[in-house]
Every structure is written in C-alpha cells, then in structure tokens.
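Novice: Residue numbers (my numbering), protein chains in the order written: chain H, 1 to 335; chain F, 1 to 335; chain X, 1 to 335; chain D, 1 to 335.
Just to be clear, a hint being listed does not mean it is correct.
What the hints assert, rightly or not - In silico lysine-lysine, DSBU-like type, Cα no more than 35 Å apart, as pairs: (1) D:193 <-> H:199; (2) F:199 <-> F:153; (3) X:84 <-> X:58; (4) D:199 <-> H:197; (5) H:193 <-> D:315; (6) D:309 <-> F:309; (7) F:309 <-> H:58.
For the record, the hints were derived by calculation from the structure and aren't laboratory data.
Residues per chain are reported as follows:
4 protein chains.
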Amino acid sequence: MLIELQPDTTQSEKNRLIDRLIKMGFELREVGDEKLTIVKGVDTLVQIREFENLPHVKRVHPIQMRYKLASRITQNEDTVISIKGVSIGGGTLFLCAGPCAIESTEQIRVCAAASRSSGATALRGGCFKPRTSPYEFQGLGEEGIVLLEDAGKEFGLITICEVMDALQVDFAADHIDILQVGARNMQNFTLLKKLGKTKNPILLKRGFSATYQELLMAAEYIMSEGNPYVILCERGIRTFETYTRNTLDLSAVPALRELTHLPIIVDPSHGTGVRSLILPMARAAVAAGADGLMIEIHPDPDLSISDAKQTINFKEFSRLSQEVMAVHRAINPIR
Amino acid sequence: MLIELQPDTTQSEKNRLIDRLIKMGFELREVGDEKLTIVKGVDTLVQIREFENLPHVKRVHPIQMRYKLASRITQNEDTVISIKGVSIGGGTLFLCAGPCAIESTEQIRVCAAASRSSGATALRGGCFKPRTSPYEFQGLGEEGIVLLEDAGKEFGLITICEVMDALQVDFAADHIDILQVGARNMQNFTLLKKLGKTKNPILLKRGFSATYQELLMAAEYIMSEGNPYVILCERGIRTFETYTRNTLDLSAVPALRELTHLPIIVDPSHGTGVRSLILPMARAAVAAGADGLMIEIHPDPDLSISDAKQTINFKEFSRLSQEVMAVHRAINPIR
Amino acid sequence: MLIELQPDTTQSEKNRLIDRLIKMGFELREVGDEKLTIVKGVDTLVQIREFENLPHVKRVHPIQMRYKLASRITQNEDTVISIKGVSIGGGTLFLCAGPCAIESTEQIRVCAAASRSSGATALRGGCFKPRTSPYEFQGLGEEGIVLLEDAGKEFGLITICEVMDALQVDFAADHIDILQVGARNMQNFTLLKKLGKTKNPILLKRGFSATYQELLMAAEYIMSEGNPYVILCERGIRTFETYTRNTLDLSAVPALRELTHLPIIVDPSHGTGVRSLILPMARAAVAAGADGLMIEIHPDPDLSISDAKQTINFKEFSRLSQEVMAVHRAINPIR
Amino acid sequence: MLIELQPDTTQSEKNRLIDRLIKMGFELREVGDEKLTIVKGVDTLVQIREFENLPHVKRVHPIQMRYKLASRITQNEDTVISIKGVSIGGGTLFLCAGPCAIESTEQIRVCAAASRSSGATALRGGCFKPRTSPYEFQGLGEEGIVLLEDAGKEFGLITICEVMDALQVDFAADHIDILQVGARNMQNFTLLKKLGKTKNPILLKRGFSATYQELLMAAEYIMSEGNPYVILCERGIRTFETYTRNTLDLSAVPALRELTHLPIIVDPSHGTGVRSLILPMARAAVAAGADGLMIEIHPDPDLSISDAKQTINFKEFSRLSQEVMAVHRAINPIR
C-alpha cells in the first residue's frame, strides 16, 4: 500500500503519522518526500478508507503488485548505483568483463588488463560455480575471491562475483564490490534475504524460467531487508529453440524499465551460448536501452574450463566494446 | 547433396554432366559457377562415391540439412531482392509500415502518406486476416488488395499483403509486390508450394513455435518450386512470459545470418504486442543486424479494428524511423 | 451472445423472434429449446439491453469467450458422434490405429487386420503428409485414400485421414469417414471453413503451441460453418524438454472436458515421439478421462517410411489395447 | 567411468584393485558385485585404455552422462526406500497428503486423521514456505516442524517437510522422516550437498524448467555425498499454457523409469494448480506408472492460507484415493 501525503505536510506531522502507523503494527519506508510505503503488515485485511482518514493523507493506492520498493510507482526516478566512481544506471553504459571461472592469478590478471584496455570498468570472475553435474569443476572458492580482489585493485576495476549460498556472503562481501545472484538461485530466498542485509550492490540474474514479475519480487526480497542497490540482469530464458543455449529476451529491458527504477543490464554470453552471436546481441541489448553489459572473455576461449562455447577472446571483446559504444552514442542524443 | 566441380570445368563439360544427372533422374540447380545442388532425387540411397567418380567432380558434400537452396553452404553471398528500385538485403535498411488491417481508402492513403514521409519504402496492409476466433473482423479481401495497390502507386511505395490460402495467391500476385505468409501458415505446405510458383518475392514469417531450422525448411518449400526470393521475418515466439504477447527472439537475426543467405527482417509490433516496446525493440533489431523492419501504424491506434495494442501512430513511427536509421549508421561503418 | 428465452415461449413466438433478429442482420443458431446463440453480427457494438427488450427474452448473456458453439455453456450434455455404429464420446473408449503413412495395399491391409483383432474400431493412415522438409516422402495422395477406404471396408473399420488443404477435402470427404486436421493446420482457417461445410466428423489436432482456448476457437471455425461433429485431439505441445519429441499435456483432457461438450481423444504416438513411452502414456490418457486414443502402428516399425521412432508393432498394440481397456474399466464404475 | 570386472574376480583381488585406484586419486563406489564406478577424479583426462590394462578389469565404459549413481546403467534394479514400514518404489503405491502450509495444531491433526483414514501413509506439511513475494506468509518454521512430527506420531504416518536452506537441514532431519527439496531449489547445490550428508530420504522436486537430465544431475549431487535415498517428483513444468498453473509432464514418469532406478512420484496439486484437475491427473499419474502421489488437502480449501486453488477437501481426497488404487490394481497384474 502506498500512502500519498498532502504536499504541505511538515516533517514533524509526517513523523507523527509514521509513529502512529508503526504503533498500528506496520513496517514503513519513506519514498521521496511525499510518499510512504507500507512494506510489511496485513494490508489486504485493512480497509483503505481507514488510511485515508488519517491526518495529512491525500490518497492511498492499494498496490496490487507483490513488489513495492522495486516498483516505479513508489519511486519514479531511476536508481543510479555508484561504486568507487563507477556508475550503473542513469545514462552511462556500464561494461563488465571477465572469465566464466577464475583459473589462476595469471588468467585473471590478463583478463583484467584486457577488460581495462577495452573500456570495461568492472571485472567479473566465477569463484563458486553452480554446475549442473557434481562432477564438473566447482571453482576456486575463497582463494579465487582473493585473486579477483587483487586483480581488481591492480587494474582499477570494480569486482563482481557470484555467491551461491548465504554462508559465502560475508567473506565475499568483504572482498568484492558487487555480489551476483545466479539464475538458478533467483528464488533462493534465504540467500536473497542475507544479501539484503549487506551493503554491497547485488547483481540479480533472471531465472531461466522466471517472469518479469518474479524477477522483481526476487529483487524485493533483497530490498525489503534494507539493501536498495539491486541491478537486474537479463540472461536468456528457456524455450523450445535449441540453436541457442537460451533465448535472450531483450524485451525485458524496456519492459522492466517501465515497471522498475532499478538498473537493467544484459548478459549476451549466457543469453545466447553461441560465440558468434555475442557481438550482435550485445549491440542489440544497448539499442534496447540496457544500462550495461556483462561479457565472458578468456585469453584462449577454447581452453576455458567452463562455458568455452560462449566466451570470446580479447580482440573480439575490444571490437564489441567499440561497437556497443557507437550504438550507445547513436541512441543517446535522441532518447 | 552438393557437387563441387573442378575449377577448370568448361560450360559444355558442365552441361554434359548436368544432362547426365538429369537422365539419372535427379533434379538440379546450379549454384554459382562451380557448384551443383541436387534438390530432388533419392540422394540418401545413392553412394557419394559414385558421384565423385563422375567427370569434373572435385568433391561431393552430403548435405545433412533438410534444406539446401536456402543454405549458406550452397550460396555464400547474401541474396539481395530488388523490386521497383527498392532493395531488401545487402546493407540497406528496408522499412515497411502500414495498418494491421485495411479498413478504408482514406485509412490506407493516410498510412501510405505517413509511411512515405517517414522514410519507409514499402506499404503493408492486411486484407485477408487470420483471426483466432471466427467472430472477429476477417478483412476486406480482394477489395482491400485493390485499395492497397492504389495507395502504393499513388505514394510510390512497394506493397506487401498476407495471403492465407493458395486460392488467394493468383489475384494477390497480380496486384501486390510482396506476398506474405503469416506465422500460422508457416507450415501450410500447399500455400508454400503455390507461392513457389509465383515470381513475387515472399515474406515468410516464423511460426510462433518454429525453430530456425523449421523456418528454413519452410523457405525451402518455396525455393524448391523455383522462387528464390524469400525474405525471412522474425516476429516473436511463444514462451511462458505473459507481459509481452510474444517473446521477440532477436538472436534469430545473427543466427539465421550464419545459416542462410536470405534477407532477414523483424516485426517488433507482433513480436512484442506492447506499443511502448516497439521503438526500443526496433532499434535492437537493427543493432542485431536485421535487414529491415515491419511496423504496424494507424492514424489513431486506439480505434484500430485489430491489434490496437501493438500499433503506433504516425508521430511515433517518424521517431522510430529516425532512431533506427541512427543505429543503422552507427553499426554499418564497423560491420 | 447467448439469448435465453422465457420457458413458456411457443414455437411460433420463437420463430418470429428469430426472423426479426435475422432481419436485424444477425446469424443465429438454436441451442436446445430455450436458447439462441448469435454466431455472427457485430454483437460487441450492440447494447445487451436492446436485446433484453425484445419479446420473450428472459436474459442475455454476453459470452466473453470467443467460441460459443463449442462451449459447454451453450450445450451442457456431451456430444456423442456416431458413424457406422461406432461411437466417439459418451463413455465408450474409441480406439483408432494405423500407419503414419500408407505405403502399399499390403501394408494398410495388415495394419487393418491387426487393428481389428486388437479391438480398434477405426483405421488411420496418412495419405497427404505434412513434412517439415520438401525433400521428405509426401504420401501417396488420392491413391492412398482409396487404399484406406478399401482396407476399412474389408475389415469393418471406420477410416480417418488427414487433409492438408481445402482442395483435398471433397475427394477425401467422399471416401473417408473422419477427416483429420493436423497440428500444423489447426489455424489454417480456409481449411477449417471448408471442413465446416462437409458432413464428415472432423478430428482436430491441437497445434503444438496452441492454448486450449485457441483449439476451441479452431473448432468453432468448423462448427460455425454448420458442422457440429468435431473431435478434439491432444497430441503434445512444444516445450524445452528434448527427451520427448513433444510434451503430452494430459491436463488438456479434463480441462477441455470442463470447457466443451466435444469428444476429446489423445495421440500418445506424436505426443511422446518415443516408442517405449506410448504404452504408459496411453494408459495415462484413458485414466485422465480421454474418450479415445489414436496410435501409430506398423508391421515393422523400424522400416516405417515416417515416424519410425514413435510407431509400435502389432504385438505391442495388442498389449496396449488390453491395458487401456483395463484402465477404462477400472475408472468407469466410479466416475 | 564404469569399470566392469571379470566375473571370476575374488573379493580380495577386487579390494586390491580398489586400493590401487584410491591411491591413484579416485573416489569409487561399488555397484553390485562386478562393477565399480569412479565418481570423482579427472576421468576425462585419463585414458580408458590405462584402466583396461589393470588386472581383473573386463571392460571400461566411459559414462558420457553427467550422472552415474542415479543411472540405471550403474544399478539396474529399482531402488526401494523403506521407512518405518512404509515402502516407496517397488510396486506398491505410496500416498502422501497434507496441507500446503501448516497453520495450527488442530489443522495438521485433522489433516493427518483424514490422510490416515483414506489410506495415505505419509503426512506432508509446509513449515518453511518459499514464497515468490516477500510479503506473503512464510510458514511457522521450526514450530511447524514439531507440530508435523507430533501429528505424524499420533496418527502413525511418516512425515515429509520441505527445507529451503542448508541451515534448516539439521533440525528438520532430527524431527522429520523425509526432507523435501522444492522446485525452486532443485539446483541449490549447497542445499543438495548438505542433504547428501543426512541419512533421511530426500524428496527431490523437478525444477519448473528443468529437463529430465538436470533432475537426475541434481539427484546425483545428493547421492555423490553418500545418501542414496532420493525420491524424484514430477510437479509440472512451465509452458505457454495459462489455463493450468503448470503443465504436468507425465511422460517424465516412464522416461525417468528408463533412465534411473530411483522411485518417481507425482504432485498433481502443484502440477495442475486447478482443483478440478487433481483427481483425473492423479489417476493418470498412477496409470503412467508413478510410484506414488503427493496431494494437498485442507479441511476447508477456500480458507487455506496458501495454494487454495489447488487444494482439495477430505471427501475429495477419499474419492481420489479409491480411484487411484483402482487404477493401480488395474495395471499391476499386467505390468
């Protein structure tokens, strides 16, 4: 439920109203100067009219949606996330690159150097790998996290790493800038709540059969615990088409833009699973209005331990970077 | 089966080989100067080695794919289709617009004028409407075709109209430039064969649960009857996501580009089914490398008899046209 | 729109009302004694209240659904189709078997004999084959239809054959009992309308990405042309699972049962595409409440020209027949 | 990799071979008397031939599949799980019922009584609820687990409860018989590994966009940690059809039967999401060969806190129980 206050409400009047609502058993968030959102409490059982009779209340919106903090209705202006001088959202193009799995100091360092020189501002690298089969490489774990942190520092890049479990969060949160939730964990609610208690921005990947609404409700799990810094990531959905590993659903970008104020980036590497499609689909993602891209790179993709088929080399990444920036420039003056 | 000839084969040697193969019961097509494709005949039962023993044959490729003429293996260079000075494929951006259903002389004329002034070179308009329910408006039929033809002539636009049935083909072929096969009819093989016998270019829409391979085999039905002028159109597939009417699968553009030499265009109107998503997805389609776009426009979309939710007005189309051309210019110098 | 008449309306009063409505431009059907359905006419533009002011009208139901004749709302009792002593719907189990494609007199005769001896009452056989690639076997055509007719007569079986095109309908309607619409043609509206003008029962297969509603609207196309004898057939939908050729959606059986009075049968051969799954899924279909089954059989499935992987031999069919009848007996006393 | 031993290998010869392989760095399991499976170790990098040169080795099978312990290749006979006299798998029909969410002592007690009197041998009840929105009822937690345990003891039923997180496992494992992994957590690998270290049987639900192969690899995560007692559960997949909440994929039952020796049960409540479809689809599941069913019941479904639409009352469950047993008897003599 969204409570819109009268424009002339003073801060002390507002505070008194908030106190009263808290005593009534509700949990609240202030949304800008003139709105309050009730994020917890049995709002469906309470009459809207009772709220409208409270002092200073102009109008009450019964938010039917099962997410509120993530909704553009409660916050109209775009969220811009800033970390160490890097902005995500708000008109700039965020470019993140790195290997699917961190394999060695040398590997992550050369990836960092290549990312940096091609214009990326963030370095990704998998340390805990969610592998479909238990017999596949599971990642270097905390050792990998330290390698990633070091490479990020050396090359002046912010860092992104997936966490698969609430138990991995604290260590990763101390060493890595942005914590990623993978597609398979989009509805791992314990993990989401734990991440909601950190101060790190969270990169939340869309589950491969999740609707836009479900993605936003997963974001809401993080936000309702107190962490407003969620970056949404489209990474392909599962369909009948088998030529591509997933079907990259770029309509998610403008559709989510309507529904939420959160930044939206795209991962064309997982989203297509086909090396030759990454470049054109990266361009398309930016043209659709994405705030950024996440790209898998490797010094020698064919030798990559995981996801070799969807990883590009440094030269290909350099070209990708140039082309997506050209598209970004082309559409930005006219947006 | 693809027969590669020795580079020094003379035309008369080639002709003698062709005669011999025809006498053996095969149907052939010449592919460039140095290749022959056997398009009909029991090729799986015949030993490849027997073909390799024929004179002037350099190598024989057993094409496993169930399409041949549409394949990039048999023709490497892109097909460019030219009609009345308008090119489809080959680097230019083809822009086609018009109403979902033709309603009146006035309606199609104002749409034609708006299309023309915004840079479109083709006018589309539905005359035979494939409607899910028998109680919905079924189109103006042949009367609509004449209206479309007249509007095309008046405003210097080539024309596109869907045909739903083999019986509608002859009349439409006489009056309209490009005949369209709708998504529901992608595997209406009688219709495809009939269209294969016309000389008009055919716009073939992907069925909403058709794979890339199936789309190419449908094109092959047309091509194997003698009509090489097929334009493929991605228009969204059916998935679990309900926010959009269909999921526009833009990966189809670069993926089909690898598999076929045929031009590939995109219909973001049907592909999203949501008015506000048409502009960003049109930009994305061009950025993904599409050869053209097909857009539903209407003087007053809310009054449109069909597909109101996915139709934009003339002003929106004008903006779309400018933005997609900017994206096209941005990616073309570097492709 | 459904018009409910007052219970004491006489036949002549009813006739006068019908005349009046026809003069107003509507096309009608009588539904039982006390209901009229307006099947054609711009009912959304007409005020319901105007209809309620007509004499003898008790109530007017604005049928939101885009199908009417197929709906259980307009006809509550199950439709039972009877052809030459064979019933489809209404509590008996209809069993139809035969080869995917008719190959020869001998082949269809042995299939007919095996079908008969295992308890099937209908013989199916493909004559016009809708093949994804133009280079695959396209069927024996009208010659096959005559072979099927002869085999049906010799062995006392009613016959079923797919027609792919309106042009094939007249010949097939003269020689075959039940005409089948394949999944690819479920929305070939010209074909559906043509079949609506025949007197043969129509077996309508669900398109592989069609919803229940769309299947019923396709049935409505046939019924609104005057042919009430439509049999619906679930044959699997397209999903991400690749182990099976399609995902057999057996929930369609009880779900359609709620929505329509038409008989519903299941094709586990196409529905699974895997030989070993046909028997258990045939049992499951009957347990779900299906009115019948359609099974592909062949004297030597591995030599079958088409669909070898989903065809069972005569011994397997005999076992299937026994098992599904046992299931049918088990659930029938308690339904 | 599966190592087949020579038939005359003695136990001491076998032990020596095992020791040698362990020293080479592999982790092994014995499969029956004559087979060894290497479950951990870099088997793809090792030459099969080297293994074949080891003493007593008859043949080496490079298992391409990414699951081994779950595969019918390594264990041909069906796994039968026995808990407190209740068998799951092996020809009997396992029937489990209970409320979606435990709400109170009284509610779970009346559900237990109804389950018992209708022939169920297991009681399910949600304590930790994975809710899509953070604002929905999240379950009674450990308090609910104790209520479930008590009700199970009082009515002589084994108990099943979902755990959502590795942290919930220890407590639940002490109080509940079978621990359930929900569809959203099918690839929560940390949870799976933790469950692999318990001694409780695990009910593993298929993710709503997981393939059969992925379900088996998830089972393998549990089994490779040492817990062989995994029960697979089909509960519907996500497709384009919206009439049902999910599409219950009953082909999974016979398909998984071919691929694995593990018991397979079906949840038609979540699988359809529609109350009226639960009975026919329960019958269909048993007819397809399922080893058991899991059904949501509630004293007054419309008052159920969660999943009201897919919950049946006690009388409906009693009828369901009778009908599925009739189907089970009908197909069992002939299987």
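Novice: Run the distance test for residue 199 of chain F versus residue 153 of chain F: straight-line Cα separation, threshold 35 Å.
Specialist: holds (19 Å)
Novice: Within a Cα-Cα threshold of 35 Å, do residue 193 of chain H and residue 315 of chain D meet the stated pairing?
Specialist: Answer violated: residue 193 of chain H to residue 315 of chain D is near 40 Å, above 35 Å.
Novice: Are the Cα atoms of residue 84 of chain X and residue 58 of chain X separated by 35 Å or less?
Specialist: Given pair residue 84 of chain X, residue 58 of chain X is violated - Cα atoms ~40 Å apart, limit 35 Å.
Novice: Given the proposed pairing of residue 309 of chain D with residue 309 of chain F, does the C-alpha separation stay at or below 35 Å?
Specialist: holds (31 Å)
Novice: Residue 193 of chain D and residue 199 of chain H: Cα distance at most 35 Å?
Specialist: holds (29 Å)
Novice: Hey, residue 199 of chain D versus residue 197 of chain H, does the alpha-carbon distance stay inside 35 Å?
Specialist: holds (33 Å)
Novice: Holds or violated: residue 309 of chain F and residue 58 of chain H, Cα atoms, limit 35 Å.
Specialist: Cα-Cα ~33 Å, so holds.
Violated hints, in rising order: 3 and 5; the structure is consistent with all others.
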